[in-house]
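There are 4 protein chains.
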Amino acid sequence: MAASKEEIAAFIAAEFPQTRVRVLEVGHKSCRVVHDVGEGELRPGGTVAGPVMMATADVALYVALHGTVGIEPLTVTTDLTFHFMRKPAGDKGIVADCRLLKVGKTLAIGEVTLFSEGDPEPVAHAVGTYALPPAAHRRQK
Amino acid sequence: MAASKEEIAAFIAAEFPQTRVRVLEVGHKSCRVVHDVGEGELRPGGTVAGPVMMATADVALYVALHGTVGIEPLTVTTDLTFHFMRKPAGDKGIVADCRLLKVGKTLAIGEVTLFSEGDPEPVAHAVGTYALPPAAHRRQK
Amino acid sequence: MAASKEEIAAFIAAEFPQTRVRVLEVGHKSCRVVHDVGEGELRPGGTVAGPVMMATADVALYVALHGTVGIEPLTVTTDLTFHFMRKPAGDKGIVADCRLLKVGKTLAIGEVTLFSEGDPEPVAHAVGTYALPPAAHRRQK
Amino acid sequence: MAASKEEIAAFIAAEFPQTRVRVLEVGHKSCRVVHDVGEGELRPGGTVAGPVMMATADVALYVALHGTVGIEPLTVTTDLTFHFMRKPAGDKGIVADCRLLKVGKTLAIGEVTLFSEGDPEPVAHAVGTYALPPAAHRRQK
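Residue numbers (this note's numbering), protein chains in the order written: chain A, 1 to 141; chain B, 1 to 141; chain C, 1 to 141; chain D, 1 to 141.
Bound-form chain A, shown alone:
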């Protein structure tokens, strides 16, 4: 059973207490999240650090997945591939649009396009795989 935006936001806050990612929208096999950007997210030169973009994509995939199959805390990231395309603006949040390409019994695969808030040209792209816990270990639904 899919989890609501509020359930997912609460779960993300509990699982990733340090994160500055906020859930904006959750759809079937998709979501939009934003990572707020402040001094702590910048590199010298005033651009957003790569790990901030990587963490945002990881959370986006996690959110889309929980929004589709329900909260599954034992879900783990198996692989993540990033391409970095443009320097993000240092004074704008990083927005991540995620769509899931497959949600199978044991694996889910999705992709994420990352933007500087308000700019249509992507700053980075990610694709990732998540291993879902065996049915026997899943939470009661």
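You may find that some hints are simply not true.
Chain copies aren't distinguished; within one or between two, either way the pair holds.
Simulated pairs of lysine-lysine, PhoX-like, Cα-Cα distance not exceeding 25 Å [to be verified]:
1) 5 - 102
2) 5 - 29
3) 92 - 5
Read the hints as simulated data drawn from the structure, not as lab findings.
Assemble the complex: chain A is given as a structure, and chains B, C and D must be docked to it using the hints.
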């Protein structure tokens, strides 16, 4: 200057004489191609071999790029990442939809979603980078 | 139970009847294979086609895996990432050295470095994931 | 001209002021770094957060590259691919062993194997590409 669909098809036929990929559409930063599937493309069990899907994605990125920046024979593939999601049908062509995420001076990056002809669920996904020749080595435009 | 080099070679010949990959060595979590190169493997300009290198890496991972866990025909490729580094020689085979990084219950992950036969500088690198069939569907051992 | 371990450590401290990565060894086309792990690096459950491993691999590739071609501040990450294999220990640092596979004029490619300090089984693996600034923009050597 962008190349036309006919120019690209002629170039692909010359560069990849063995390929069974046909160019269906070429747009700005996008294209659709199809790889015909016959006995030679199948694995035991009747599914399309992985290398066929990989070659299709590679050609799709190549076509979209030439359709956007013109024919650049010195363009080389730098990286390709594939995720395989479903077994493709053995009696249908592999259709590849490509969009370029960045076309810079020295690098172009794009992604491809692969389908069995007529089936909306993706069978595979690819993302890749291409190194463009330095301006000094580019063909007269 | 691990499969022998001969068992694996027979399996590869049956599963990939078109392949020109030969198994040279099989160790625990490792192997070396070679893809013979002839006219059919070349691109205009005389270099080995990218899909040939990709297919070689895929087979290498498959061989190392079967050499470690035994022949498991239901094993499927989940993801493959390639980086292309140098133009391979057109008159030498493509040698692939594979080591597995993880062999778990449901997933195996490995990496492959590809060379032109006799040249120490790598021409390409691959990393990939394979989904193993659930224990219930595995062959009698 | 290659940079020394001390020069690189100073550069990393300036470029990534928040990082907890320390440079242990720098060789030709290789390096070893460690990311110290404390409360701030853990996820609920006591394992090291994925972004910590990702940032460690990124810095390792950066260190190996500067150790080989000299300090090039305009170097940018083009792509990074991660595979996550085991849960890292929450009370041990993350050690990264990096080797560069290619150092060309415009691109460098390398791979990283990540371990929990003292444990021989890898927890994660990364491969990445870095774009080097055009010669005209490089620092005086």
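query = Which of the numbered hints are not met once you compare them with the structure shown?
reply = As far as the earlier hints go, not one is violated by this structure.
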